[in-house]
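*Asks:* Residue strings, one per chain:
4 protein chains.
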Amino acid sequence: MSNTFGTLFRYTSFGESHGTAIGGVIDGCPSNVKLDMKLIQREVDRRRPGQSDLTTTRTEADTVEFLSGIFEGKTTGAPIAFIIRNTQQRSDDYEHLKDIFRPSHADFTYQQKYGWRDYRGGGRASARETAVRVVVGAVAKQILANKGIEIHAYTSQVGAIALDKTTAINFDAIENNEVRCPDATTAAKMADCIRTVKADGDSIGGIVSCKILNVPLGLGEPIYSKFESQLAMAMLSINAAKGFDYGSGFDNVALKGSEMNDAFVIKNGKIATATNYSGGIQGGISNGEEISFRVVFKATPTISKKQNTINSNGKQIELQAHGRHDPCVVPRAVPVVEAMAAIVTLDLLLLSQANQYG
Amino acid sequence: MSNTFGTLFRYTSFGESHGTAIGGVIDGCPSNVKLDMKLIQREVDRRRPGQSDLTTTRTEADTVEFLSGIFEGKTTGAPIAFIIRNTQQRSDDYEHLKDIFRPSHADFTYQQKYGWRDYRGGGRASARETAVRVVVGAVAKQILANKGIEIHAYTSQVGAIALDKTTAINFDAIENNEVRCPDATTAAKMADCIRTVKADGDSIGGIVSCKILNVPLGLGEPIYSKFESQLAMAMLSINAAKGFDYGSGFDNVALKGSEMNDAFVIKNGKIATATNYSGGIQGGISNGEEISFRVVFKATPTISKKQNTINSNGKQIELQAHGRHDPCVVPRAVPVVEAMAAIVTLDLLLLSQANQYG
Amino acid sequence: MSNTFGTLFRYTSFGESHGTAIGGVIDGCPSNVKLDMKLIQREVDRRRPGQSDLTTTRTEADTVEFLSGIFEGKTTGAPIAFIIRNTQQRSDDYEHLKDIFRPSHADFTYQQKYGWRDYRGGGRASARETAVRVVVGAVAKQILANKGIEIHAYTSQVGAIALDKTTAINFDAIENNEVRCPDATTAAKMADCIRTVKADGDSIGGIVSCKILNVPLGLGEPIYSKFESQLAMAMLSINAAKGFDYGSGFDNVALKGSEMNDAFVIKNGKIATATNYSGGIQGGISNGEEISFRVVFKATPTISKKQNTINSNGKQIELQAHGRHDPCVVPRAVPVVEAMAAIVTLDLLLLSQANQYG
Amino acid sequence: MSNTFGTLFRYTSFGESHGTAIGGVIDGCPSNVKLDMKLIQREVDRRRPGQSDLTTTRTEADTVEFLSGIFEGKTTGAPIAFIIRNTQQRSDDYEHLKDIFRPSHADFTYQQKYGWRDYRGGGRASARETAVRVVVGAVAKQILANKGIEIHAYTSQVGAIALDKTTAINFDAIENNEVRCPDATTAAKMADCIRTVKADGDSIGGIVSCKILNVPLGLGEPIYSKFESQLAMAMLSINAAKGFDYGSGFDNVALKGSEMNDAFVIKNGKIATATNYSGGIQGGISNGEEISFRVVFKATPTISKKQNTINSNGKQIELQAHGRHDPCVVPRAVPVVEAMAAIVTLDLLLLSQANQYG
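Chains as they are written, first to last, in my numbering: chain L, 1 to 358; chain X, 1 to 358; chain Y, 1 to 358; chain Z, 1 to 358.
Accuracy of the hints is not assured; some may be wrong.
In this list, chains with the same sequence are indistinguishable; a pair is considered to hold if it fits within one copy or across any two.
[As the list claims (entries may be wrong)] The calculated lysine-lysine pairs, modelled on DSS-like cross-linking and capped at a C-alpha distance of 27 Å, are: (1) 165 x 256; (2) 147 x 74; (3) 147 x 189; (4) 189 x 256; (5) 211 x 98; (6) 306 x 38; (7) 98 x 256; (8) 256 x 38; (9) 165 x 147; (10) 315 x 267; (11) 256 x 315; (12) 34 x 256.
In short, the hints are calculated from the structure, not lab data.
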């Protein structure tokens, strides 16, 4: 609840953008798993601010320190706590925002809900919290990888520039560019789009697509912990996410049943489906096909353009932000989407062990 | 988890399509609430099968019987159990499907996950379960109504026929037609569309839009129980739902920050927003504006057309279903979407009481 | 929470003493388990009111009706709902108690907590609710029995009459008498004691001891879901329970470490302990030895003797109860203690599957 | 679950005896609460090892560092993370125990459950974890104190030396001696007892009694989250705890209903009880009287005397521990019992806000 996510494999997240540190505690991680610490740091680096000219200029080393639960390089079954120290916080940047409710930010709602707020850099509402998810996801990914399960997210749209849906996705090409779009030509257009809005002091949104490969049959707990339901909750908890769909989703709403039903066939001696409008999930349970979903992100609300808004005294004022921010969150959201997908998948994998017993 | 939904206001659902009864137990319902039983039955009737020629021909009275938790017409704080008996089940209809995995149904995944299955009418995977949600939602709605909170869902798209986004929504007109679209002209086109696919032995999907009015400021528990995250989970748990978005959602992905930021202004002496691309939620917390979201439903997988599929022996067969089914689930999904929205909202309302204390 | 118990194997209970029915919903029961319905009813009969002259004169058939989750005699993995109808409720018996707060009952606290109450027979606070636990426990017991795990509870004390601690317990003798004490001589004394207090219009308490045999090594989830911690919570949730201890417990508090440490030895080629002051649990985790605990029950607060108390107007009155009640709850608490022990054990067994993975 | 405790006010604990740090994350702490950091440290000091010659010789500063959730001295509603660094760990002390299963310790069960273990100082199973509880409890206590609620625990028995039950308890005298017994004469005898067993290389257990004062009417969530049930779970999760009782408990089992029923009377114009055998809880709900319970602790299993046991190769060996340990855990358990009582009480207080609504 609230700052904890997951059932059997679960974690609790803490920390503010400009506090001492952010971090998390993983509980329920199976014991006896060898962890590759470099892989964990590499994932965190994929989300790191300041990684390219398309992202915020706040640069953070984002070094992960583990405090517990790992002994001689392996998990012990005890909670795994970790912290990432905030080293580049400049609270002065935000002093001028102390009494201002920035448009489409969480300033106003936090103030009202909690009676007051840590205004420095958005406090707890900052997307900096997503670094915690990436650490947890990197642990989950390693356990999943031991089972052959892979997760690949990529940027499929920035503003109006969309990856052609018929393009075959080369997962190896995702990290070839700073936008994280597997198609080089489209990626270049997306990068141009982001640079243009940045130059204009503006921002832009987009879509992250994600595939989970080699998911065993039977994950997902109907009725209220269906695989898609857990993914949707996970994805909508990411800052700036505005929507989720899977399989046929929103785009195929005009298709008829006869056009979108996935006929069962025999492939390689096993029952499979001829098409995959189901997105790998039927009745809330993985059917062994590729799981496929999308998450849409809005344009980041922090822009350099002047905006009208209200301060905490209810007075209208003109705001011109000069904090550091991303013109487009999508490229850095890619590893966050993967992380949340990994956490959901591992949790459902552990849960599924209790389905048949005795 | 699994068959339980909610934190403080929560319920557990049970029952199969062709078993003795379906039902639920509400736990955490505040005491001392007078309940209008007719209102509850009226909501159930809105979801009832056989209500028009656009729906399945299975007709069920769907009478709600309460077993506990209500004394002299008021809640006592004890769990509220209720059942709806299955009266029109015809298991013979499904005998021929015993060994068949229907395309895009849950037959195959249930069989694999649980080792065997109740094949009668989809068993637990049947959308009949959603009647339970409607009962619970009808209780939640009454408590919300006491606080002035209203929930209105409607059909905004069927197949390719979409309600014009600029149309002002007249909530009172939603129940004027069997499609539950507030615009009569569009509703007629939608009904035609459904009748055409039905005549063709086919099916079609669509979109339900929903508005929650008069939600107090401060609902939603960041980071992982954000209002949108809870709504997404709730909506994706509904049978045939393939996606969720709120506020600007998928359709406004090309807008820039300067175009979609919601400037704060003073309205009627209170802080409000000039526009509502945020969909009434900022930082996961309700901001006092109208909450606005959409849910997309796929074409129901049961069609009368012949389809190729596989039976449980792995043999390819030709299937022609002759069970009773809806050509389009959207009109009957409207009250289900409302119910889940009500449950989420009430739960967050109760949770928010613990935010400030002392 | 509240009316739900358990994590993976969990159930929700509902119903009042004088309502339509009591019942429950089991969620998370593994699929494909053949259930012996007669065994379930037999367990319920062990708790049934009116089973002997030592218990209440309210007689109830307490017939269990299953509504879902079982198909062709086997579990399907779907929630298992069941009800037990109240047939012998006589609300008139309680009309005179409507405005009276009976001493040491829940009348006063329910009234204050919920603002009003269902006063008939104690409403939700009635021990009648424990029949629900017995049904759930009977399901759990069958799954445990398939794994060789046995649970045996018995009456070890009534008032001042205690079973000698050095007595070897013959589990087969427990049901030989109506007190459920495995030693016939002690049982006779206990029965006499109960008859004497009953004749005097009074009541008496006692202790139930319980052993869980053949529990596999490794059950219990440290730190906060230790086996003993879960048992304690479960036992203290039973009506009239006032305490719990396990292993060395309260009685051996004067022993030194050197006297109560359980030396590890090799027995039958396996690591075991020479003594069992640990009660089968070390560090919150089962160690493979017999799990052994006790639960103390107070004298039932309903007595026929005249008592002074207060009514809801704050006036002092004299109360003489004439409802039906047990002079000693201990004999009927025996199957309830077993049921809760079974539920805890099965839940921890399912949870333990996630400890090592990968 | 497992390393998380509580529902609305809840925390997650992490850390091993000889790792980098132990710590916790409090989630659900109400916002806008001013925290006295010195009070928190003072509570931790009460539990600190090395505080007197009656305790272990391991001395730790046990300085609490907060990482998040507190801004300008007040809670923000965000998770409150804190760590206590381990500064005096000497892993070499435990190298010789690497392959040995110490009697009545968790070595054997952790090894079996998790497949391997952090053997240094008991790893996660060390009572050092209870320092985390004390920090969380110290936060809870401050919020409770703002409501007038006080919690006082004390040592009521060490070995066979028991505080006379008729002694009036002077809460102010508890901290006057290192045993934390409010009666000086009894305290001196208890201290002598502990010094004697210590000199003998042995250990001894005892009983902590606890009173919660000024608890409002209505806390506790029947049926399965009754106040006593939550306390029992909390107390039995403490290392070395072997039992819990409240009110009349185990010692008054021979009393009849007519002797132990708490008659309602009017005191100071309010409904109260003449006696308090109920221990302040009726039907699982606080009745406004003093809540009174006990927790029994076994003799700490670490002793200097030679013991026979088994190593991980199944060979019998002779063990003589030379780590640092407490001859009696009871004096240091006093603040831990208070902390857990505070956490349970605050959680139930927050939960009770949802009972009546509308």
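*Asks:* State for each hint whether it applies.
*Replies:* Going down the list of hints, with the structure as the test:
no., hint, result
1, 165 x 256, "both (20 Å within a copy, 23 Å between copies)"
2, 147 x 74, "within (17 Å within a copy, 31 Å between copies)"
3, 147 x 189, "neither (37 Å within a copy, 50 Å between copies)"
4, 189 x 256, "between (34 Å within a copy, 16 Å between copies)"
5, 211 x 98, "neither (41 Å within a copy, 32 Å between copies)"
6, 306 x 38, "neither (42 Å within a copy, 45 Å between copies)"
7, 98 x 256, "between (53 Å within a copy, 25 Å between copies)"
8, 256 x 38, "neither (48 Å within a copy, 37 Å between copies)"
9, 165 x 147, "neither (29 Å within a copy, 46 Å between copies)"
10, 315 x 267, "between (66 Å within a copy, 12 Å between copies)"
11, 256 x 315, "between (53 Å within a copy, 26 Å between copies)"
12, 34 x 256, "neither (48 Å within a copy, 41 Å between copies)"
Of the numbered hints stated above, those contradicted by the structure are hints 3, 5, 6, 8, 9, 12, listed in ascending order.
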